[in-house]
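Chains Y and C supply the protein sequences, listed in that same order.
When you line the first sequence up against the numbering used here, it's residues -18 to 236, in that order.
When you line the second sequence up against the numbering used here, it's residues 76 to 585, in that order.
Calculated from the structure, these hints are not laboratory results.
For every residue, glycine included, the Cβ atom is placed at its ideal position computed from N, Cα and C.
Do not rely on the hints blindly, as some may be mistaken.
Quick list of in silico lysine-lysine cross-link-like pairs, DSS-like style, CA-CA up to 30 Å [unchecked claim]:
(1) Y:K150 <-> C:K243
(2) C:K243 <-> Y:K135
(3) Y:K135 <-> Y:K80
Simulated restraints on C-beta separations [stated by the list, open to error]:
(4) C:T191 <-> Y:A69: 43 to 49 Å
(5) Y:T34 <-> C:T460: 57 to 63 Å
(6) Y:A136 <-> C:G104: 28 to 34 Å
(7) C:S201 <-> Y:K52: 38 to 44 Å
(8) C:G400 <-> Y:A69: 34 to 40 Å
Every beta carbon over 10 Å from chain C, so not counted as near; a handful from chain Y, in silico [claimed, not checked]:
(9) T57
(10) T94
(11) K135
(12) P139
(13) S143
(14) H169
(15) G170
(16) P200
Residue-level listing of the chains:
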Amino acid sequence: MKGRIFSVVGGMFLLTVCSKGDRSAVQAAPPATQPAAEVSAAGGTITGKVKFTGTAPRNPTIDMSEEAACKAKYPTTPTEENVVAGPANALANVFVYVKSGVPAGQTFTAPTTPVVLDQNGCRYHPHVLGIMVGQPLEIQNSDPVLHNIKAIAKANRPFNVSQPGAGMKTTRTFSAPEVMVNLECNVHGWMHAYAGVRPDPFYAVSKQDGSFTISGLPPGTYTIEAWHEKFGTQTATVTIAGTESKTANFTFAAR
Amino acid sequence: MIHALLLVTVVMTQDTAAGKQVYTKWCAGCHGDNGAGDGDGARHMIPPPRDFTGAIYQIRSTPSGQLPTDADLLRSIDEGLPGTAMPGWKSRLSDRQRRAVLAYIKTFSTFFADTTQRPQPIAFGSPPGGGTGAEAVRVGRQFYDSIGCRKCHGDQGRGDGPSAPTLKDDAQHPIFAANLHENWRFNGGGTVEDIYHRLRTGLDGTPMPSFSDLIENKFLTDEQLWRVAQYVRSLSPKETPVVRDVVHAPLTKTLPRAPDDSAWTSIDVSWFPLVGQIVRKERWFAPAVTGVWVKAVHTADSIALRVVWDDRSESPDTSWLAFVGRVFNTLQSDDSIREQPAPWPDQLTVQFPVSIPSGMERPYFLMGNGSAPVYQWRWSSSARTAPVAGLARGVDRFDPLSGAGPGAQAVYDHGQWRVVFTRALASTDTASQLPFRTGRAIPVAFFASDGSNGEHGTRMAISTWYFLALDEPVPARVFISPVLAMMLTLGLGMLVAWRAQQKTSYRRQQ
Chain Y
-18 MKGRIFSVVG GMFLLTVCSK GDRSAVQAAP PATQPAAEVS AAGGTITGKV KFTGTAPRNP
42 TIDMSEEAAC KAKYPTTPTE ENVVAGPANA LANVFVYVKS GVPAGQTFTA PTTPVVLDQN
102 GCRYHPHVLG IMVGQPLEIQ NSDPVLHNIK AIAKANRPFN VSQPGAGMKT TRTFSAPEVM
162 VNLECNVHGW MHAYAGVRPD PFYAVSKQDG SFTISGLPPG TYTIEAWHEK FGTQTATVTI
222 AGTESKTANF TFAAR
Chain C
76 MIHALLLVTV VMTQDTAAGK QVYTKWCAGC HGDNGAGDGD GARHMIPPPR DFTGAIYQIR
136 STPSGQLPTD ADLLRSIDEG LPGTAMPGWK SRLSDRQRRA VLAYIKTFST FFADTTQRPQ
196 PIAFGSPPGG GTGAEAVRVG RQFYDSIGCR KCHGDQGRGD GPSAPTLKDD AQHPIFAANL
256 HENWRFNGGG TVEDIYHRLR TGLDGTPMPS FSDLIENKFL TDEQLWRVAQ YVRSLSPKET
316 PVVRDVVHAP LTKTLPRAPD DSAWTSIDVS WFPLVGQIVR KERWFAPAVT GVWVKAVHTA
376 DSIALRVVWD DRSESPDTSW LAFVGRVFNT LQSDDSIREQ PAPWPDQLTV QFPVSIPSGM
436 ERPYFLMGNG SAPVYQWRWS SSARTAPVAG LARGVDRFDP LSGAGPGAQA VYDHGQWRVV
496 FTRALASTDT ASQLPFRTGR AIPVAFFASD GSNGEHGTRM AISTWYFLAL DEPVPARVFI
556 SPVLAMMLTL GLGMLVAWRA QQKTSYRRQQ
């Protein structure tokens, strides 16, 4: 009995001692990365367009009467951005990424340049973003009102921090791949953003015209997934040989 | 080194085996066999039991996003989470059992085994002095406003801010912004230190964020954040209210009919806790009204009863309809028909027996029954000045009475209802309308419903029987006797002194 207690205490001591060294890595420790595999700029490229069929649901209007400072930033009543459509049923804000096919064990160094998430006019800019594991996410507030930024995640640790004034900045990182981490503001229930967290740089977010480009891919066969917050996911298989450019188009059914 | 690690592994295995036993017996009923917060009891709880698989914990000493320390988890096990269904286990389980179950709970999430996730407690420091002074409270209030607390907690802190109806937890369950006037119900404890710790760490999994970054961003100083905590603490009573069984109604010359009449300030207040009605279908496990504050006075011919309770919404309020929908989605109903949210009003019922009982026997506390009805005043926010008097014979039968019922005046103010009921002491119908008498213990009970929490019918908060006592006028002799006694004592004393002096001067002369 005594021996057991001793070993528990001893074990705790050991753990404590072992943990002393890397206090700085605690916030959201990036996984140890090998020297980056050369992502050849001349690698293969996948481009494509995302479209939808049917009628896009109307985005709900936002009642910003509680936040005059935000409301003043819009000439007309702002709406949510659940479905952002371009000309000819082009679909923006689709996160397109290489779901599988990147050789296991190949690691990529996260850029030190942060991805910026701006809160402006009580909406998130961008609404959908891609970020690498370990890459800083700089969250900034351009509104003179309280926002809280809550990350709802499963593979990553969640967080919930407040920014009560304009000019505030908070930097966070994610430690594990996750599609998607939901970001939301609880003060303004309409504010949602989505972050696709990837271990590699092979992802893109479709633009207003539905186009996207993923480049630098080494030769291989890849499963590409396109994710949309309302319309779900679509996949495609693309084989890249050498430095060629391949096309992968996605069509969602509006619902 | 390797030996030590092996030992730790062996010991931890033993701990989790013992922990599993404790867990299965005491915890799984609510938290579920696999720790996903989905035990049988979960269907009746708002907030729902913790889902251990995500390792997201509200009450921590670590920054938002970090795991809790073992000490943090042990504290929640030991003390429970006030304001929720989670009881404290310190007195029910041995030290060893609690540590074993703690080790077991950690096995539900891989985060605890991840060596890159090491919780580092925040160095909190201690509160700056002068915390209860007017200046500290003023500074605290200033920052309460500037950091946006009122957005959810409301201008006066009763959880009635503009964003309150939209609040959800990570699992999309409805969640109330805390009523800051009830610090005994704060999940992480109600002291200034507890409040400050929650401001620094946030309550992960809930809408409550961490405010630590504000200090780093020089938005405010650490001391100013402490002042916010001190201000929040100042909103609750100095001591947690205790239940007193009797409301004393002193005799006054005039009846204060308005809820905010200054005459009420000098009257003693009694607090009565309310709980969900779970005796009869529809049972209600998530009542929004947690208690009533009651004062009473009477004149020679009338009584005034002032009932005050905190309620986040002035129902009916359509901005809370979506919240009601989430409440219904979270709670399993025992009704066969799934109800749709509707804009129900707020309600308060004051209940008396039909006549003052001579012994201890009282009608059934939950609205009487067929053989022994109760006399009730039913007030509703949709008819504020016209409470309905009537006889209840069980929860589903209420017969309004005609004739002289009570009057009422009501005020809704920043998350609080204040209602004054008035009625003549005597009653024309002594068979069904209780005549009030002085010097007798009159049973009284309270029922409250928050329409914007989906409460109506038997979905309500209830109390048990308490007592109302109309103090008898104090007879004049009570005031005169002490004066007479004092004068007599003084007179006798002077006589004794005078005699003593006489004797002394007589001896000197000799």
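For each hint, the structure was consulted:
1. Taking the CA atoms of K150 (chain Y) and K243 (chain C), the gap is near 25 Å; set against the 30 Å cutoff, the hint holds.
2. Of the supplied pair hints, the one linking K243 (chain C) and K135 (chain Y) holds, its CA atoms being roughly 17 Å apart against a limit of 30 Å.
3. With a CA separation close to 18 Å, the supplied pair K135 (chain Y) and K80 (chain Y) stays within the 30 Å bound.
4. Distance hint check: the CB atoms of T191 (chain C) and A69 (chain Y) are about 46 Å apart, consistent with the given range 43 to 49 Å.
5. Checked against the given bound of 57 to 63 Å, the beta carbons of T34 (chain Y) and T460 (chain C), roughly 59 Å apart, stay inside it.
6. The supplied range of 28 to 34 Å is met by A136 (chain Y) and G104 (chain C), whose beta-carbon atoms lie about 29 Å from each other.
7. About 42 Å separates the C-beta atoms of S201 (chain C) and K52 (chain Y), a value consistent with the hinted range of 38 to 44 Å.
8. The supplied range of 34 to 40 Å is met by G400 (chain C) and A69 (chain Y), whose beta-carbon atoms lie about 37 Å from each other.
9. With a closest Cβ-Cβ approach of about 22 Å to chain C, T57 (chain Y) is found to remain outside the 10 Å limit, as its non-interface label requires.
10. With a minimum CB-CB distance of about 21 Å to chain C, T94 (chain Y) clears the 10 Å threshold, and the non-interface call stands.
11. With a least CB separation of 7 Å from chain C, K135 (chain Y) falls inside the 10 Å interface cut-off, contrary to its annotation.
12. Remark: the non-interface label on P139 (chain Y) conflicts with the geometry, its nearest Cβ contact in chain C lying 6 Å away (cut-off 10 Å).
13. The claim that S143 (chain Y) is not at the interface with chain C is violated, since a C-beta of that chain comes within 10 Å of its own (minimum 4 Å).
14. Listed as a non-interface residue, H169 (chain Y) fails to keep its Cβ farther than 10 Å from every Cβ of chain C; the least gap is roughly 7 Å.
15. Remark: the non-interface label on G170 (chain Y) conflicts with the geometry, its nearest Cβ contact in chain C lying 4 Å away (cut-off 10 Å).
16. Annotated as non-interface, P200 (chain Y) keeps its C-beta farther than 10 Å from every C-beta of chain C; the closest such distance is 33 Å.
In terms of the numbered hints stated before, the structure departs from hints 11, 12, 13, 14, 15, listed from lowest to highest.
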